[in-house]
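Letter by letter, the chains look like this.
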Amino acid sequence: MTAFPQINAIWVYLAASPLLGLTITLFAYLIAQWIYARCQFNPLANPVLIAVAILVAVLQISRTPYPTYFEGAQFVHFLLGPATVALALPLYRQLGNLRKLAAPLIVALVAGSMTAIVSAVAIASWLGASKQTIASLAPKSATTPIAMAVATSIGGIPSLTAVLVISTGIFGAAFARVILNALRVTEPEARGFALGVASHGIGTARAFQVSQQMGAFAGLGMGLNGILTSILVPLVVPMLTAWL
Amino acid sequence: MLLSLTVLLLFQCLGEGLSYLFRLPVPGPVVGMLLLLVFLMARPRAADAIEPTANELLRHLSLLFVPAGVGIMVSASALRGNLLAIVLAIIVSTTLSIAVTALVMRALMQRHREGSAR
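Protein sequences, first through last, are from chains A and B.
Start counting the first sequence at 1; every next residue gets the next number (the numbering used here).
Start counting the second sequence at 1001; every next residue gets the next number (the numbering used here).
Wrong hints could be hidden among the right ones.
[Stated by the list, open to error] Residues of chain A placed beyond 10 Å of chain B at every Cβ, according to the derived structure:
1. I10
2. Y13
3. I35
4. R38
5. T133
6. G155
7. G215
[Unchecked claim] A partial selection of chain B residues facing chain A, derived with a Cβ cut-off under 7 Å:
8. L1014
9. L1018
10. S1019
11. A1042
12. L1061
13. S1097
14. L1108
15. R1113
Hints are computed from structural coordinates only; laboratory data are not their basis.
Glycine is no exception: its CB is placed at the ideal position from the N, C-alpha and C atoms.
Build the full structure now, drawing on both the sequences and the hints.
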């Protein structure tokens, strides 16, 4: 960047304040939204994935360290907390529906949660992954803070778990439609709930882009599977790894 | 909007506090969500007031994952080693778990409907 000393100086000046990190986050997301819309909201053009890719490229090219970027981006990150609390509203609106479907929801939750844990542990151990990697992978379908705490408690690496959780969320959000269409599952309740159980908040965000009803069931699946994963993983994974 | 945001933050504080106090494995915001749900069941009129702000936040839920996503991809070097095992485990396990959850749910919903139609 020596050819543009002024631009470099301006960048350094701006990068020192939280303003730039926040602005590029929103800007990258708007570009991602635009691409997503151009692709007719095809889930494969997942806006989280595209925005992250743009920002990683910008940070690499400008050699901006992540903590500097996060000083601005933390304002967006912070809203995850109140947004999680806000999930109570769509849940409340679907309450009549939820009461009617309580039994199917609970059985599907246990089946889906067990499948997520057991299949991840089994596949990783057959392919020769280390004990630490398996422990980090087991809670991958739970929301990030739960998954990190659970992984730590069974000897996993929390930072690795965070990578795996976000990857699981993006994969689920991008491919759920293909999977569910292939299985001919058309009920929005079942589609939304499966998205939330298997791919937590990022799946829930995708469900909300389809409809409020699907979003409500996804939010419920995310919350319930977070709780169930924190109970099941410490019980099931030590037994599984000893047996496999 | 200001009132709604305050209510959401208040329930998050309550959730974080309870989660810390009782050392719950569930994060504060999830506890806050459950508390707000109970509150709305007791006070249905509050839902209309909070709903526009809540929906606006949820409409942009994807955006809120972006900063964490960037941090994670920047530190993705942690993935070295078992890359194939990790990638396959995520793809197969997530696919299976979406399929099992949806199929079980649909099968039980159909039985449920037939049961109530009878």
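Verification of the hints:
1. I10: Correct as stated: the minimum Cβ-Cβ distance to chain B is 22 Å, above 10 Å.
2. Y13: 22 Å, holds
3. I35: 13 Å, holds
4. R38: 16 Å, holds
5. T133: 5 Å, violated
6. G155: Answer for A:G155: holds, closest chain B Cβ roughly 15 Å.
7. G215: 7 Å, violated
8. L1014: Cβ of B:L1014 sits 9 Å from chain A, so the hint is violated.
9. L1018: Violated, because the Cβ-Cβ distance from B:L1018 to chain A comes to roughly 13 Å (cut-off 7 Å).
10. S1019: 10 Å, violated
11. A1042: 11 Å, violated
12. L1061: 4 Å, holds
13. S1097: 4 Å, holds
14. L1108: Holds, about 3 Å.
15. R1113: Violated - the Cβ of B:R1113 stays beyond 7 Å from chain A, reaching only about 10 Å at its closest.
The structure does not agree with the numbered hints 5, 7, 8, 9, 10, 11, 15 stated previously, though it agrees with the rest.
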